[in-house]
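Colleague: These are the residues of each chain, in order.
There are 2 protein chains.
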Amino acid sequence: MNNNIILFSINLTLKTWQQMNTVEIIRKKRDRIKLTAEEIEYMISSYTKNKIPDYQFSSFLMAAFLNGMDKEETSALTKAMLYSGKIIDLKSITGVKIDKHSTGGVGDKTSLILAPIAAAAGINVPMISGRGLGHSGGTLDKLESIPGFRTDLNLSEYKKVIKKCGAVLIGQTKDIAPADKLIYSLRDVTATVESIPLITASIMSKKLAEGIDGLVLDVKTGSGAFMKNLEDAEALARSLINTAKSFNKNVIAFITDMNQPLGNYIGNWLEIYESIKVLQGEVKGDLLELSKTLSGAMIFLGKKASSIEEGIEISQVMINSGKAFEKFLEIVKLQGGSVKIIENPEKYPKSKVIDNIISKEDGYLKTVNNFEIGMAALELGAGRKTKEDKIDFKAGIIFKKKIGDFVKKGEIIAELHSSSEAKIKNVSSNFYKLLEFSDQSVIAPKLIKKTIQ
Amino acid sequence: MNNNIILFSINLTLKTWQQMNTVEIIRKKRDRIKLTAEEIEYMISSYTKNKIPDYQFSSFLMAAFLNGMDKEETSALTKAMLYSGKIIDLKSITGVKIDKHSTGGVGDKTSLILAPIAAAAGINVPMISGRGLGHSGGTLDKLESIPGFRTDLNLSEYKKVIKKCGAVLIGQTKDIAPADKLIYSLRDVTATVESIPLITASIMSKKLAEGIDGLVLDVKTGSGAFMKNLEDAEALARSLINTAKSFNKNVIAFITDMNQPLGNYIGNWLEIYESIKVLQGEVKGDLLELSKTLSGAMIFLGKKASSIEEGIEISQVMINSGKAFEKFLEIVKLQGGSVKIIENPEKYPKSKVIDNIISKEDGYLKTVNNFEIGMAALELGAGRKTKEDKIDFKAGIIFKKKIGDFVKKGEIIAELHSSSEAKIKNVSSNFYKLLEFSDQSVIAPKLIKKTIQ
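Protein sequence lines, in the order shown, are assigned to chains A and B.
The opening residue of the first sequence carries number 82 in the numbering used here; numbering runs sequentially from there.
The opening residue of the second sequence carries number 82 in the numbering used here; numbering runs sequentially from there.
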């Protein structure tokens with residue numbers, strides 16, 4: 082049977098209006114008929130108010146997954162999810178508010194670096210972040226590895242911090258896009274996660290609730306990213322851009338490489354440590370480059386530079402002048418974190434157990450299974466396997482090589498850090514399999530693959 | 082994003098095996114990867130045992146609806162649903178057991194006619210039937226309009242009746258394909274009803290549970306059928322045949338017309354009445370023709386005839402000799418029904434209120450909105466609007482004309498029967514709109530459109 086034909090289901094005549102309406106909307110999406118904004122709003126608000134059961138909504142999600150949603154539908158979905166909760170009113174904060182969102186990856190700590198840079202350059206950065214999810218770390222968990230650092234500020238504390246120092250980094254509150262939380266939980270167990278319109282609405286409903294003027298997007302692609310190939314990453318980027326624009330937000334997206342860890346440090350405190358070093362101008366490489374690109378774009382969107390390039394230059398000036406690191410200290414202090422530890426990170430004790438992964442051969446590092454490297458960090462204690470798990474904040478990996486590097490036999494490729502000997506042993510025995518070497522020289526993957534405006 | 086790409090969902094690593102397995106199977110169907118029989122069996126048995134929540138199963142149903150299921154998957158689905166319950170063991174009954182299934186329509190009372198004909202010709206007919214559903218009547222409701230007739234025989238009574246007279250007509254017991262009942266309820270509210278593989282498994286799991294050797298299928302097409310066009314009806318017929326054959330059952334399918342009521346009587350007692358008249362050889366026309374064709378095919382499948390045509394001749398002999406009507410009386414008696422009323426149906430009082438629909442013009446009857454005629458009968462009391470509604474057994478319509486008939490102004494086109502004046506009034510005022518007349522002569526639709534073996 083042609084699935085698009087609409088057969089008259091006699092059952093409909095026997096139902097209440099409420100049920101009928103829901104079934105009719107599912108049927109339309111199933112039959113590839115474009116939904117109106119009202120229909121989408123009805124589905125989201127009814128589901129959020131518990132007026133539509135999970136089993137109807139999951140059937141709707143699968144129909145949306147398989148048949149897609151166009152620009153207008155995605156925008157309407159985002160709007161409905163956004164208005165399921167509160168939009169933070171930042172009108173009392175003078176100046177432009179720009180945030181960044183990354184689709185997540187391994188060692189991706191740019192938020193910790195670009196927020197102080199952009200704030201130092203005069204941009205307000207009202208950042209609401211997430212927790213780690215599987216192989217991919219979360220900004221909140223990283224910040225909480227700083228003793229005393231509070232990510233659970235209430236709205237008035239949140240506004241106070243941004244007013245004082247131009248940046249704030251907190252977790253999602255209950256008021257923000259509650260529909261997203263509900264829907265995500267359902268998507269997670271009904272195989273409806275990897276859908277561009279659904280991902281777009283999930284991301285954008287939360288970001289738009291921050292009350293921002295503009296947004297810089299970092300869409301990752303590669304073995305450690307959710308979007309494995311460039312085509313999918315670009316499709317997601319374009320969907321995010323379209324949606325942001327439909328809300329009159331300024332937006333720039335970068336498609337960036339996630340075929341290897343970003344920077345060298347993976348794990349919560351380890352990433353704070355590396356971020357400090359970048360902010361202090363001591364560490365260069367891919368992490369610095371990407372952080373500056375993103376903060377450069379934020380500075381440009383915030384009209385403090387006439388181009389992304391100028392924004393990048395300003396970013397470097399903020400690092401060189403010490404203003405970016407100063408701003409970081411200010412944020413840490415205002416959010417209750419230990420400034421002493423940030424000022425003297427070397428003195429903060431390391432993990433109890435450290436093990437080295439030694440190269441068994443001479444060769445060029447060709448590929449790393451970046452997803453599994455993220456999972457190895459989680460295994461060492463840097464992430465949660467269940468919601469109840471406690472994070473071992475100092476656990477993680479210092480991955481010392483980049484794709485294209487020549488590695489000598491006997492050289493240290495990576496350090497594994499954990500509080501548990503057993504975990505180290507477990508990860509250590511499988512780690513080498515995640516690497517592939519070549520006799521031939523290897524071209525490093527391009528970090529910034531595309532800029533879309 | 083190409084929906085077929087399989088993105089690695091990190092969430093999976095965080096789940097229990099049970100959940101993971103379910104999500105993985107939904108994902109496979111979502112990504113158009115063929116499911117194994119084990120995977121389908123896992124889904125059905127887990128759902129039936131309440132180990133998979135509705136929201137996962139409905140997402141699976143929508144994926145199956147949109148991506149389809151092939152022959153083997155449909156057969157595995159049928160098997161899993163069949164084995165969710167009991168298969169009736171009819172080995173103690175000597176002789177071949179053949180049933181008929183119709184996809185339902187308006188005035189479709191062939192079961193009442195062909196069961197006694199086939200039984201009279203030496204075929205065992207162990208028939209498990211359903212209730213009315215919306216515009217479409219149900220054999221059980223019709224039988225229950227005979228005072229005393231019991232459709233709720235238990236298994237041992239069921240076997241006793243068929244042993245004694247070669248035919249039995251009961252309702253579905255709890256033991257038979259319980260998965261189907263559960264799944265159908267969920268499909269009904271998640272816009273996943275009109276799917277050929279799902280319809281196939283629903284029908285065949287119940288029919289195969291009867292312990293039959295062969296099956297004759299009557300797949301209706303037209304305005305009063307679930308399959309509005311020939312193409313869909315044929316696709317369903319082929320799917321049903323493939324599935325029956327995969328269980329080594331002999332099967333013949335007919336695609337038959339449902340653009341107008343079958344016979345002239347619609348409504349429970351009215352249809353019993355007409356069936357009596359056909360069995361007594363007093364009424365000819367489309368109802369007799371189709372009933373004989375179906376019983377002819379049953380007699381052929383049961384090897385009591387060398388062709389369908391010979392089976393049809395034998396059917397006519399059974400009517401002419403009075404054996405078919407005798408067999409009907411025997412069934413009624415054994416199932417507790419009033420034989421007296423069947424023998425003297427004219428004496429059984431009619432509906433309190435009867436109204437005639439009079440032609441307002443001269444012309445050839447061109448089309449009837451057969452779905453709405455079925456709904457009108459329901460409205461008069463012949464069906465249930467909610468599960469709790471009681472049926473008015475004598476309510477219904479005597480539709481006196483056939484498509485192609487020339488109708489004179491002032492002629493009675495239909496009689497409406499009901500116990501409620503208000504209902505008659507309500508239906509009467511809208512009835513004429515369901516008819517279309519033409520100045521030109523009209524070719525009657527072909528009754529039996531196709532035979533598929």
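Hints may be right or wrong, so weigh each one.
Pairs involving identical chains hold if they fit within one copy or between any two copies, as the list cannot separate such chains.
Calculated cross-link-like contacts (lysine-lysine; reagent style DSSO-like; alpha-carbon spacing at most 30 Å) [to be verified]: (1) Lys240 x Lys531; (2) Lys530 x Lys245; (3) Lys152 x Lys471; (4) Lys109 x Lys514; (5) Lys130 x Lys240; (6) Lys468 x Lys130; (7) Lys109 x Lys152; (8) Lys481 x Lys504; (9) Lys240 x Lys447; (10) Lys514 x Lys404; (11) Lys109 x Lys468; (12) Lys483 x Lys109; (13) Lys255 x Lys414; (14) Lys466 x Lys132; (15) Lys109 x Lys466; (16) Lys262 x Lys506.
To be clear, the hints were calculated from the coordinates, so they are not data collected in a lab.
Colleague: Hint by hint, note whether the structure agrees.
Modeller: Quick rundown of the hints versus the structure:
Taking the shortest Cα distances, Lys240 and Lys531 never come within 30 Å of each other, neither inside one copy (34 Å) nor across copies (74 Å). Taking the shortest Cα distances, Lys530 and Lys245 never come within 30 Å of each other, neither inside one copy (36 Å) nor across copies (81 Å). Taking identical chains as interchangeable, the C-alpha atoms of Lys152 and Lys471 are never at most 30 Å apart, the minima being 40 Å within one chain and 49 Å between chains. In the homo-oligomer, the alpha carbons of Lys109 and Lys514 lie at most 30 Å apart only across protomers (28 Å), although the nearest pairing inside one protomer, at 48 Å, exceeds that limit.
For a Cα distance limit of 30 Å, the shortest separation of Lys130 from Lys240 inside one copy, 29 Å, qualifies, whereas the shortest one across copies, 52 Å, does not. Taking identical chains as interchangeable, the C-alpha atoms of Lys468 and Lys130 lie at most 30 Å apart whether they share a chain (25 Å) or sit on different chains (27 Å). For the identical chains of this complex, Lys109 and Lys152 are neighbours both inside a copy (17 Å) and across copies (27 Å), given an alpha-carbon limit of 30 Å. In this assembly of identical chains, the alpha carbons of Lys481 and Lys504 lie at most 30 Å apart only when taken from the same copy (20 Å versus 83 Å across copies).
For the identical chains of this complex, Lys240 and Lys447 are neighbours neither inside a copy (47 Å) nor across copies (73 Å), given an alpha-carbon limit of 30 Å. Taking the closest pair of Cα atoms, Lys514 and Lys404 never come within 30 Å of each other, the shortest separation being 42 Å inside a single copy and 80 Å across copies. Taking the closest pair of Cα atoms, Lys109 and Lys468 come within 30 Å of each other only across two copies (26 Å); inside a single copy the shortest separation is 36 Å, beyond that limit. In this homomeric assembly, Lys483 and Lys109 never come within 30 Å of each other (Cα to Cα): the closest approach is 49 Å inside a single copy and 35 Å across copies.
Taking CA atoms no more than 30 Å apart as the test, Lys255 paired with Lys414 passes inside one copy only; the shortest distance there is 25 Å, against 68 Å between copies. Taking the closest pair of Cα atoms, Lys466 and Lys132 come within 30 Å of each other only across two copies (23 Å); inside a single copy the shortest separation is 32 Å, beyond that limit. In this assembly of identical chains, the alpha carbons of Lys109 and Lys466 lie at most 30 Å apart only when taken from different copies (24 Å versus 38 Å within one copy). Taking the shortest alpha-carbon separations for Lys262 and Lys506, neither the intra-copy value of 36 Å nor the inter-copy value of 52 Å comes in at or below 30 Å.
In summary, the numbered hints that this structure violates are 1, 2, 3, 9, 10, 12, 16.
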